[in-house]
Amino acid sequence: MVRITFIEADGKEHEVEAEEGQSVMQAAVNNLVPGILAECGGFASCATCHAYIDEPWLGKLPPPDVAEEGMIECAFHVRPSSRLTCQLQVTPALDGLVARLPVSQTEE
Amino acid sequence: MQPDSGSHRLDTIPAHVPPELVYDYDNARDPRMLEDPHARMRSLILEAPPLFFSPCNGGQWFATRKKLIMDITMNPAVYSNVFRLAPEGQPEPEQGFRMLPIMTDPPEHTAYRAPLNQPLSAKSLAGLEAAIRAMTNELIDQVLDAGRCDFFSDIAEPLPVTLFMKLAGMPTDRLVEFRHLATQATSATVDHETRSATFKQIAGILAETIKSRQEKREEDLISRLLDATIQGHPPTFQEMLGYSVTLFLGGLETVVNALSFGVRHLARDQELQAKLRADPSLLPGAIEELLRLYGIASTPRRLTRDEVCHGVQLKQGDMVLLLLPAANYDDTAFPNPEQFILGRTEPHMTFNTGPHRCVGLNLARLEMKVFYQEWLKRIPPFRLDPQAPPRFMGGFNLAITTLPLLWK
Ligand code: HEM
Ligand code: FES
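For the record, the sequence lines run as chains A and B.
For the first sequence, the numbering used here begins at -3 and goes up steadily by one.
For the second sequence, the numbering used here begins at 2 and goes up steadily by one.
Don't read these hints as lab results, they were simulated from the structure.
There may be inaccurate statements among the hints.
[Stated by the list, open to error] Here's a subset of chain B near chain A, in silico, CB distances under 7 Å, partners left out:
#1 PRO32
#2 MET75
#3 ALA78
#4 SER81
#5 PRO107
#6 ASN118
#7 ARG134
#8 ASN138
#9 GLY355
#10 ARG358
#11 ASN398
#12 THR402
Beta carbons: idealized from backbone N, C-alpha and C, even for Gly.
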């Protein structure tokens, strides 16, 4: 089990246990974390699973592929640490990962 | 290309279908559906099993519940969007034209879908708002003084076609011709031959636009797509045509009917009309609830292997039609599903979920928001014409064919 903490824009924290091999998005959805909508179900086609990943974990992740990169540009409130959580695979190296959620997944 | 929506009726139920899961429902001709399509969707939730088999339309499964449909759409390896032309077990004929990205499965789909995501994102479309407003007002100008209109043909049909032409980069001096073709292509009253001839003409016009953009790029969607990279190569001419036809078909009849069903609801609910006129900030929420009550499209999936789905044994090659408009009346997701309730938090299924979730939903929402803002601002309280009630149609889309309104 790998621990992941999701922090909503208003500061509310949700610590969840994730399974190796699933996506960070899936861990959020399985634990009913509000703010990860994941409308396309994890196929890098909706940008509603957007989160900011804190260091040091951001640096440990493989860089986004073309599909993720293009979709991040469609997301709202994008920052340099923006990632699509459905494209992040849970590995032991990510234990303790902190993912902060944007104010909104669907609006400016 | 798609499962049979025609009249063919199976004589014998396939052996793997248990009798208690058989329910007679004809997707195109069911009389109760033709009387009131969405009331029929609700009755399917109440009367039929969540996953039932109907001998109509060539024999296929129908899925009606939200969770069930989500599980199916999230598993494209088993529930595929690639439809076979040849019978199961025999090789496919040479692959030619494919509608893109809809007739592909991940991971191929992800590559085909990517070039559409950005041009159709909410951010990129914001620049279109002024143009949509102007088009809406031109259409309103033409009917305002008469005190009546057929909302379907006077407003709902012209608006999305005009917008599509602008977005795609079609020559607007051919607007009238193209509008006529679009109407023919989606009309229920034209026969099969006229319709396929119409499709050829539409493909011809789209092909001309693609060719002229190949020579010189403009600020439009076709130009953006030409510059895209798909699995390392620029799109071929066939692929460009595949995109254009899907965008054309996907973005017209759906919006036309979503607008019409929504306006019909308001015409029958003066109180809601008044409330939205007084406070247009309620519109985005109201539009989502109207989209829930009046889902339009249903979409098929094909089984790539034998699979047990929510306790039901399905066989390789079986077709399942996902009845998205019915899922919006699933009580477990939407308590009191027949009621219009502002502020529901459960997302509706009208745009589906999963990788094929509508890529045009930002455009559809923007069109509807601008339309309702202008329409409610300028048109006085409106109602249905009691002499000419609306008429409906089934098939892959639940549709209206006429919607006479009065406001004098
Ligand atoms: C209220 C209006 C609309 C409704 C109800 C609607 C509904 C849908 C649904 C249910 C799907 C998923 C199909 C599936 O899962 O197989 C879909 C996909 C699609 N829609 Fe829409 N749509 C609407 C507006 C639009 C507009 C305006 C466009 C054009 C810009 C459009 C273009 C598409 C395309 C290209 C796809 C295929 C996406 C893919 O395969 O990845 N739609 N639509
Ligand atoms: S879930 Fe849709 S992009 Fe991640």
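Checked hints:
no.: 1; hint: PRO32; verdict: 35 Å, violated
no.: 2; hint: MET75; verdict: 4 Å, holds
no.: 3; hint: ALA78; verdict: 12 Å, violated
no.: 4; hint: SER81; verdict: 14 Å, violated
no.: 5; hint: PRO107; verdict: 6 Å, holds
no.: 6; hint: ASN118; verdict: 6 Å, holds
no.: 7; hint: ARG134; verdict: 19 Å, violated
no.: 8; hint: ASN138; verdict: 25 Å, violated
no.: 9; hint: GLY355; verdict: 5 Å, holds
no.: 10; hint: ARG358; verdict: 5 Å, holds
no.: 11; hint: ASN398; verdict: 21 Å, violated
no.: 12; hint: THR402; verdict: 31 Å, violated
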